[in-house]
Amino acid sequence: MYSSKRTPRRAFTLIELLVVIAIIAILIGLLLPAVQKVREAANRMKCSNNLKQIGVAYHSYHDTLGRFPAAGDNGPTACCSADAGYFDYYNWTYHILPYLEQDNIWRLGQTNQAALRTSITKTYFCPTRRQTQLYKNVAKSDYAASRGTGENGVASRYNLGFVVMMAHILDGTSNTLLAGETRVHRAFMIAGDDCCSDNEDAYTNGWADDVVRHGASPPQPDIWNPALIGGVADGYFGSSHPTGINAVLVDGSVRHIRFSVNATTFSRLAQRDDGQNVDHDGL
Amino acid sequence: MKPLHFPGRWAGGIALCLTTLLVAGCETRVAITGKVLNAGQPLPKAELRWVSESDSSLFVGGATDASGNIIVDAGGKSAIPVGNYKVTVVWWRLANGKPLPDGEEGTAIKGKPGAAKQFSATLDVEITKGTTQVDLDVTGKGTVVGDIKPASVLP
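Protein sequence lines correspond, in order, to chains A and B.
Going by this note's numbering, the letters in the first sequence line up with residues 1 to 283, in that order.
Going by this note's numbering, the letters in the second sequence line up with residues 1001 to 1155, in that order.
I should point out that these hints are in silico values taken from the structure, not numbers from a laboratory.
Please note that the accuracy of each hint is not assured.
[To be verified] Derived coverage of chain B by chain A (criterion: at least 3 residues anywhere in the stretch with Cβ under 8 angstroms from a Cβ of chain A; other residues may be distant): (1) 1027-1040; (2) 1067-1074.
[Unchecked claim] Derived contacts from chain A toward chain B, CB cut-off under 7 angstroms, selection only: (3) 223; (4) 226; (5) 227; (6) 228; (7) 235; (8) 242; (9) 243; (10) 260.
C-beta: ideal position from N, C-alpha, C; glycine also.
If we strip away everything but chain A, and leave its shape as in the complex, we get (with noise of 0.2 angstroms):
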């Protein structure tokens, strides 16, 4: 037998430990907002750099064939999205994949289109948003091109036959806006369809809101109720953010741009050709 000599021990009492769960429990609970803002954060600056990536590659993509890549267009005969081997209908985030360092993705479209569709590239989407994976069984983009406030923007329509260079940016590449992200319905990001913000692959889209949004109206933030249907979310730039949207413009810098921002502001720095000067304090 062990000496059964014990020292008297003071123990805790209930009460004693509840209070100190109860600090515990406090202590986290302020703890716990401050890390989901150090997060989102740290989401925001990679989705900045995703689309400094694209801009990036647009200007690579200029400096190689003297113009802006196309931003694709509907058909021939597909009503919708762009028919499998019609590379010049296919959109923008298509035409600068090499210039991404996605080549085999490119190569891969220029064979099969279904296995296009299902190819991920990961610089396409926003980690405040959503994860690196398939949605609705094809790969996103959360970021579109801008196509002014109507066919004035940097994204070309394909059947409309010009094509956008550099010296078409009237207003000055530090004026003008090359891509952000867009607005899309949360409830019908998964499953459904809310018509057309988000229901097609990213790459053969045609013409259409995927990947190519208009500078109309201010950017705004993504829609979640399920009720709100029919139009009122397509053509607009949006995110996920608490505050405004991360944009690129032609000569390749990235802002943040807020949801409470100017519509005449925001429309003239959309458009490339509108010959107003663009307050960007404002933005």
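Starting from the known structure of chain A, arrange chain B on it as the hints suggest.
Using the frame of chain A, we list chain B on its own:
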């Protein structure tokens, strides 16, 4: 065993902790109903943008349905945090004054210069704990948005 006492000072402390948690963890939200009216008529398919004046990171979206009823979209919740807002009501109309068609067709018209006009009106709205009904009257306040000009012929 010593009987479990619950002295007053402990109870007070725990109550204080719980109150702190509740105050820090909850914000007051209210569910509202109401209509957007233009010249006495409900305004269908308008977009609503609620920009909070006190919290610069708070931005609430929304729209009106086909009968002009307000639908609030506050990040997945349909109740809106209390506070002062600047509400911008935006609506698109064809040249003949009718609303745009739904879906892809409507979006295409938005992108065609001159095919439709975009109107906007901004109102000050205060949402308090007791607010249940918000009617927004934009009569005479709608202004055509932007200095959008048709795409030029490229050089």
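Hint check results:
Using a Cβ-Cβ cut-off of 8 angstroms, 0 residues of the region 1027-1040 of chain B lie near chain A, which falls short of the minimum of three, so the contact claim is violated. With 3 residues carrying a beta carbon less than 8 angstroms from a beta carbon of chain A, the region 1067-1074 of chain B meets the three-residue requirement, and the given coverage holds. Restraint check, residue 223 of chain A versus chain B: the minimum CB separation of about 6 angstroms is within 7 angstroms; hint holds. A hinted interface residue such as residue 226 of chain A counts as satisfied when its beta carbon comes closer than 7 angstroms to some beta carbon of chain B; here the least separation is about 10 angstroms, so the hint is violated.
Taking 7 angstroms as the C-beta cut-off, the interface hint given for residue 227 of chain A holds, the closest approach to chain B being about 5 angstroms. Given hint, residue 228 of chain A at the interface with chain B, holds; its Cβ is 5 angstroms from that chain's nearest Cβ, closer than 7 angstroms. The criterion of a C-beta within 7 angstroms of any C-beta in chain B is met by residue 235 of chain A, whose closest approach is roughly 4 angstroms, and the hint holds. At a threshold of 7 angstroms, the smallest CB-CB gap from residue 242 of chain A to chain B is about 5 angstroms, leaving the interface hint in force.
Interface hint at residue 243 of chain A: satisfied, since its Cβ lies 5 angstroms from the closest Cβ of chain B, which is below the 7 angstroms cut-off. With 7 angstroms as the threshold, the beta carbon of residue 260 of chain A comes within range of chain B, its nearest partner Cβ sitting at about 5 angstroms, so the hint holds.
The structure shown violates the earlier hints numbered 1, 4.
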